[in-house]
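Protein chains: 2
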Amino acid sequence: MTMRALSPTDSAFLWMETRNQPMHVAGLNIYTPPHGSGTHFVHDLMQRWSKELKALPPFNLRPVLRMGLWYWEEDQEFELDYHLRHVALPQPGRIRELLSMVSRVHGNLMDRNRPLWEAYVIEGLPGGRFATYIKIHHALIDGVTGAKMMANSLALSADEDKPPMWAQNHQRSHPTARKNQQAPGVLEQLSALAKAGRELLPGVGSGIADMARSGLEETAAAMPFQAPPSAFNVEISGSRRFAAQSYSLARLKRIGEAAGATVNDVTLAICASALRAHLLRENALPKKPLVAMVPVSLHGETSEGGNQVSVLLANLATHIEDPLKRLQRIVQGTTEAKNRLSSMPRLQKMAHGITSISPMGFGLVVGTAKTHPQFNVVISNVPGPRDTLYLNGARLDEVYPVSIATHYLALNITIQGYGDKLGFGYTACRRSVPALQRMLDYTEHGIEELETALGLTTKAATVRKSKAAVTAAPPKDKKPRAAKTATPAKKATKTRKAVKA
Amino acid sequence: MTMRALSPTDSAFLWMETRNQPMHVAGLNIYTPPHGSGTHFVHDLMQRWSKELKALPPFNLRPVLRMGLWYWEEDQEFELDYHLRHVALPQPGRIRELLSMVSRVHGNLMDRNRPLWEAYVIEGLPGGRFATYIKIHHALIDGVTGAKMMANSLALSADEDKPPMWAQNHQRSHPTARKNQQAPGVLEQLSALAKAGRELLPGVGSGIADMARSGLEETAAAMPFQAPPSAFNVEISGSRRFAAQSYSLARLKRIGEAAGATVNDVTLAICASALRAHLLRENALPKKPLVAMVPVSLHGETSEGGNQVSVLLANLATHIEDPLKRLQRIVQGTTEAKNRLSSMPRLQKMAHGITSISPMGFGLVVGTAKTHPQFNVVISNVPGPRDTLYLNGARLDEVYPVSIATHYLALNITIQGYGDKLGFGYTACRRSVPALQRMLDYTEHGIEELETALGLTTKAATVRKSKAAVTAAPPKDKKPRAAKTATPAKKATKTRKAVKA
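Those sequence lines, one after another, are chains H and Y.
Numbered according to the numbering used here, the first sequence spans residues 20 to 520.
Numbered according to the numbering used here, the second sequence spans residues 20 to 520.
Simulated from the structure, these hints should not be mistaken for laboratory data.
Please note that the accuracy of each hint is not assured.
A pair holds if it fits inside one copy or across any two, identical chains being indistinguishable in the list.
Below, in silico cross-link-like pairs of lysine to any residue (SDA-like), each with a Cα-Cα straight-line distance of 20 Å or less [what the hints assert, rightly or not]:
no. : residue 1 : residue 2
1   : K73       : Q95
2   : K70       : T354
3   : K307      : L99
4   : K357      : Y90
5   : K272      : P111
6   : K181      : W34
7   : K306      : P402
8   : K181      : R67
9   : K307      : K344
10  : K344      : L473
11  : K357      : L75
Chain H with its partners taken away, still in its complex shape (with noise of 0.2 Å):
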């Protein structure tokens, strides 16, 4: 394989690493294995996957420096041992104990010599389950594609066994195949520009900061409000923590119907609850409302692979107090950001994109980010699968993205759907975002504050909330391979239907 040069989105994740801010974003997911597997089941898996010795692309590709540039070389001492990290939980394994150790490996900076990913297989939850953990450089993949990536490695059947991630196919994905395309991609395009500009700014895409600003520029003019400085912008430390939690996607289309918004609007609004108790109860809370950036995604309009992300800056109307208030402003917003995008030629959104959620463009961009910060917070919302899917025939109980925090951006939260569940990460420093936990709560109390100024609140308590602690109910009404009697997941659910009831 010849090494092929990363495109400057690509390369900004490289650039701007550092020990305080690593690039990397990860897939939390929890498992059941098959009735009757017991704790063999990870065991043969990891005898399995072990033998998978080769890494196909994108998972074979480190990352190298010549005259400057990042290239995507092939890792010809691969070695998968490396990669490949059979892990435990301490006792009893609740999922308290697996968020802290997430918490813990999120923070550690990848080896650059290798292929930038690390699979974490995690063993000792009650009941058999376990989780993975997988670990990907930003300058690899974007949140979608491995969205897109995991759903495609695992089965839709309790039956069919497919080979590990990095033993898969995704050569549509991965970002050398490009080089296979006819027409230039709009990265290459973008490419092309940033490398006229480089002189200006070495080692970075100057013309795409150039693009970006007067994209950034229309878009703030545009805006009736500017970001007020906040506890979440700040300089960030090496340390992360990570909180996650599902939600009832039935639970946010019911109060999506019922006020007339979106279920992208329903998630803004519930993390604008969450925010808004976390700073009031920090004494922090800014007079003027927080800023969301809100990635969307592009890849509906190419079929590129990378890192093809737009965005979309949300006010979050965390000043008002009145829920549904908060939820109609919060709609009014997006709503005319949506439509000045859509009304962007698709480079220029790209460019808009890049400068924005790239910590690089937005330091290029905005500069005084610190006092005067373009948003305050990330909110991705990331398509998940409907489907059950199954690892080897352990049905996928829970998905959780774990996302990146920067400096001046100390909390991200990231959504992902899968099945009728919304994943929600919480990723954040550790040192500057206290008691992240609390975020949990207070984005259940963000729901049921809807619920209860909609009349919801009877009809919600069938499909009650369903914490992270206690979720195993598969997401349809499939039973994993070999299930005869009820799993102990399902028992839990039962046990706390009957304690609800």
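Chain Y: place on chain H using the hints.
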């Protein structure tokens, strides 16, 4: 607490740290809990330790950079939960899984926004045994001080409980203690020298470099050899491999007595044998003998804490096939080197050490390290406690030092004594030193070939090798608290002896 400047040596470990070259050391201890305490022991230990929320110096100190100099300051937001980490091995929890975990964790940088230490309590070894892996930045502590601190933090009796390391008073040995002493220490003197020369090489003690250069030249002139280029003297990656095994001190003493060599010389000789075997297998044995850098502690000469180390360079005679002749050549070389070192004034010894042990000094002075390395490998012999030690009643069985690999020094061998054992810890860049585990067999073979050459094989059979995987007997004939019957560890030893008999 006021801020306190780091000495130039200590600062060097912060300056030279990169993602490929972390600068922390660690100790891996393996314990047998008191009989009958079962798996509750680790749980109870974590409960107790989790309450020790306050860290005393140096465990409460974080580094801050001011005007180009590093200082220690107290972490006002000290968060024990970040530093104290309860983890578990996946089943079957062999030494293999333990070393795999340590290899992984040792490659991770620490968060510089916090005190530079992490303490892992590792459950899941067979028979209820557990391990601790305690990682401390070399800027905070040197290996000898660390070993002393570890020993002091444990009890001499199974009935005595002590607070955990970070909650104990280490005033005499931590770096800020110096301010209370009356005469300026050696490091203060060197620091003053360094300040005088700072203009020349900003941020670095160039006065020291000047001093040491003359020292090294003198040493080089006196040495009849120069280190050859070797496979260990290459740029390294950010991933580590750690291999460890214990050997009987009595065996090494017997060899030393028979050959007229010190235990240190015998240690060097068996390392030389292992290195020779490794390089022969890789078809990369230089024709000229490898040179080891052997740190020599100056703690005996001063009452100071911090990093106080000089070095001697030892010809490992790896070009000599005959094991006895090889040992004799090593003895000859170290005797000469020790004579030279003992005739140096203390300040020059220190300077000599600083330039050699710190990669800064190494890089500054040697310059052309890759083609003309001053030495090929670091072999460090750290004195350890002779008495059996206990952690809240759990008996300390094995002690292994985990050290630092740097660019052009891809392998470090550190040996720490405990009771009648020597714990060998091999720390290496995982990429440039392949198949590190084989070094354990080669080391064992190195002992055996000397025993054979010296006609000690019959005697030696009664004190056979004790591999880490099965080593479990207490260093002396003391019983752990409440041990009424044979512990699983003792059973294992008996079984092994029975097999050998």
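Problem - Ascending list of hint numbers which this structure does not respect - result: 2, 3, 4, 5, 6, 7, 11
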